[in-house]
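Based on the provided sequences and hints, a complete structural model is requested.
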Amino acid sequence: MTPADVPQKPAARGPALRDGLILAATVGVVGVVFGVLARTSGLSLAKTCAMSLLVFTGASQFAAASVINGGGSSVAALGPALLLASRNALYGPVVARFFDDDSVPRRLALAHVVIDESTGVGAAQSERSEQRIGFLSSGIGIYVFWNLGTLLGATVGDFIGNLEQWGLDAAFPAVYVALLAPHLASHPGRVSALIAAAIALATVPVLPIGIPILISTVGAAAGAIVAHRSDLVVTSAQDSP
Amino acid sequence: MSWWAIIALAAGSYGFKAFGLLGLSRVELRGPLADLVRFLPAAMFAGLIVQNVLADGTSEIVVTRALGVAAGGLAVWAKAPLLVVILVAAGVAAGTRAIL
Numbered sequence: 001m002t003p004a005d006v007p008q009k010p011a012a013r014g015p016a017l018r019d020g021l022i023l024a025a026t027v028g029v030v031g032v033v034f035g036v037l038a039r040t041s042g043l044s045l046a047k048t049c050a051m052s053l054l055v056f057t058g059a060s061q062f063a064a065a066s067v068i069n070g071g072g073s074s075v076a077a078l079g080p081a082l083l084l085a086s087r088n089a090l091y092g093p094v095v096a097r098f099f100d101d102d103s104v105p106r107r108l109a110l111a112h113v114v115i116d117e118s119t120g121v122g123a124a125q126s127e128r129s130e131q132r133i134g135f136l137s138s139g140i141g142i143y144v145f146w147n148l149g150t151l152l153g154a155t156v157g158d159f160i161g162n163l164e165q166w167g168l169d170a171a172f173p174a175v176y177v178a179l180l181a182p183h184l185a186s187h188p189g190r191v192s193a194l195i196a197a198a199i200a201l202a203t204v205p206v207l208p209i210g211i212p213i214l215i216s217t218v219g220a221a222a223g224a225i226v227a228h229r230s231d232l233v234v235t236s237a238q239d240s241p
Numbered sequence: 001m002s003w004w005a006i007i008a009l010a011a012g013s014y015g016f017k018a019f020g021l022l023g024l025s026r027v028e029l030r031g032p033l034a035d036l037v038r039f040l041p042a043a044m045f046a047g048l049i050v051q052n053v054l055a056d057g058t059s060e061i062v063v064t065r066a067l068g069v070a071a072g073g074l075a076v077w078a079k080a081p082l083l084v085v086i087l088v089a090a091g092v093a094a095g096t097r098a099i100l
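One line per chain: the protein sequences are D and W, in this order. Under this note's numbering, the first sequence has 103 at position 103, and the numbering climbs by one with no breaks. Under this note's numbering, the second sequence has 98 at position 98, and the numbering climbs by one with no breaks.
Everything labelled a hint here was simulated from the structure, so no lab data went into it. Backbone N, C-alpha and C define an ideal beta-carbon position, used for all residues, glycine too. Misleading hints may appear alongside valid ones.
[As the list claims (entries may be wrong)] If we take Cβ atoms under 7 angstroms as the criterion, some of the chain D residues that face chain W in the derived model are: (1) Thr-26; (2) Lys-47; (3) Val-55; (4) Ser-66; (5) Gly-92; (6) Pro-93; (7) Ala-171; (8) Leu-180; (9) Ala-181; (10) Pro-182; (11) Ala-185; (12) Gly-189; (13) Ile-211; (14) Pro-212; (15) Gly-223; (16) Ala-227.
[Said to hold, decoys possible] Distance windows between CB atoms, simulated: (17) D/Ser-230 <-> W/Val-27: 22 to 28 angstroms; (18) W/Arg-26 <-> D/Gly-71: 39 to 45 angstroms; (19) D/Ser-103 <-> W/Gly-31: 30 to 36 angstroms.
If you want it as structure tokens, here you go:
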């Protein structure tokens with residue numbers, strides 16, 4: 001599924017809906033990549049699809065599958081995946097502003113699609129009604145396409161066999177680079193990434209898979225210190241949401 | 001990955017999302033902890049990139065993988081769509097492997 005396959009008609013209803021659906025189709029492609037990675041890591045078709053249906057936060061799913069792929073245990077896979085999932089909690093207060101009139105059961109249902117992309121598309125709109133449409137179209141749209149993509153990738157993954165022959169082992173880290181890019185906009189973000197990369201470079205060759213990623217989160221502490229210091233100098237140094 | 005690990009990951013992931021939407025939105029998360037969580041993705045993605053690039057394989061595989069990821073990084077820098085980034089990274093890695 002490519003963005004060109006998205007029906008053109010809904011575009012007339014506003015940029016929020018269009019942006020959400022185009023993004024959903026694109027993320028669906030990443031879902032295919034996840035499906036392939038999970039299957040070639042040894043996960044069954046049912047487990048692969050269950051991950052996308054129930055976990056539904058891409059970076060965590062990739063992290064877990066990568067650790068398994070590298071020969072790590074289930075426990076080793078859980079640590080980095082859960083740590084990555086914790087950032088979704090920070091999106092809650094942003095999304096809550098779009099849905100403050102909605103009932104608790106409804107918000108509990110909406111919580112499942114609170115991810116990077118849906119929060120981003122919602123927050124990018126100026127009007128509250130557009131924020132709701134942007135969040136819902138990208139959140140629900142991505143849920144549908146992510147799961148369809150996973151199913152496709154997981155099915156095809158059986159026949160792909162050797163990831164390296166297709167260069168797909170380079171595709172997964174490239175997805176991370178794309179996910180990392182927006183975080184490099186701020187100085188503390190760059191410090192976090194640089195220190196984390198240095199720690200990973202030093203520890204990956206000597207420690208069991210999964211552990212270096214946990215240790216590299218020290219980079220975030222360095223970023224937080226840098227942000228705190230610049231806050232002291234410039235009082236309004238608040239960047240991104 | 002065992003079923004219980006998948007269930008635990010699913011419960012934890014949903015727990016974070018629901019806690020953020022219904023609990024955290026009532027209190028203002030400020031200070032060093034908020035900064036720490038804010039920069040966690042930057043650190044973890046950087047760590048994941050390094051770990052995945054250095055992952056198992058002959059030196060030839062690792063070098064061609066790194067070339068593919070670097071090409072993908074250039075595509076990201078050029079603001080190419082995600083699909084293009086994936087195709088460039090995979091294409092360069094597979095292509096250099098075929099040549100070497």
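Inset, instruction - Mind checking the hinted window 30 to 36 angstroms against the Cβ distance between D/Ser-103 and W/Gly-31? - result: 32 angstroms, holds
Legend entry - Interface hint for D/Ala-181, Cβ within 7 angstroms of any Cβ on chain W: At about 5 angstroms, which falls below the 7 angstroms cut-off, the nearest Cβ of chain W leaves the hint on D/Ala-181 intact, so it holds.
Inset, instruction - Would you check whether D/Ala-171 satisfies its interface hint, that is, whether its CB is within less than 7 angstroms of any CB in chain W? - result: 4 angstroms, holds
Legend entry - Interface hint for D/Ala-185, Cβ within 7 angstroms of any Cβ on chain W: It is violated, given that the least Cβ distance between D/Ala-185 and chain W is near 10 angstroms, above 7 angstroms.
Inset, instruction - Could you check if D/Gly-189 really has its C-beta closer than 7 angstroms to a C-beta on chain W? - result: At 5 angstroms from the nearest chain W Cβ, D/Gly-189 passes the 7 angstroms test, so the hint holds.
Inset, instruction - Using Cβ atoms only, decide whether D/Gly-92 comes closer than 7 angstroms to chain W, and label the hint accordingly. - result: 2 angstroms, holds
Inset, instruction - Using Cβ atoms only, decide whether D/Ile-211 comes closer than 7 angstroms to chain W, and label the hint accordingly. - result: This interface hint is violated because 10 angstroms lies over the 7 angstroms limit.
Inset, instruction - Would you settle whether the hint for D/Ala-227 is holds or violated, based on the nearest Cβ-Cβ distance to chain W being less than 7 angstroms? - result: 5 angstroms, holds
Legend entry - D/Lys-47 as chain W interface residue, shortest Cβ-Cβ below 7 angstroms: Nearest chain W Cβ about 6 angstroms off; hint holds.
Inset, instruction - May I ask you to test the interface hint for D/Thr-26 with respect to chain W, counting a Cβ-Cβ separation under 7 angstroms as satisfied? - result: OK, holds: D/Thr-26 within 7 angstroms of chain W, min 5 angstroms.
Legend entry - Restraint check, 7 angstroms cut-off on beta carbons, for D/Leu-180 near chain W: The hint holds - D/Leu-180 has a Cβ within 7 angstroms of chain W, the shortest such distance being about 4 angstroms.
Inset, instruction - Return the status of the interface hint for D/Pro-182: holds when the least beta-carbon distance to chain W is below 7 angstroms, violated otherwise. - result: This interface hint is violated because 9 angstroms lies over the 7 angstroms limit.
Consistency note: the structure conflicts with the earlier hints numbered 10, 11 and 13.
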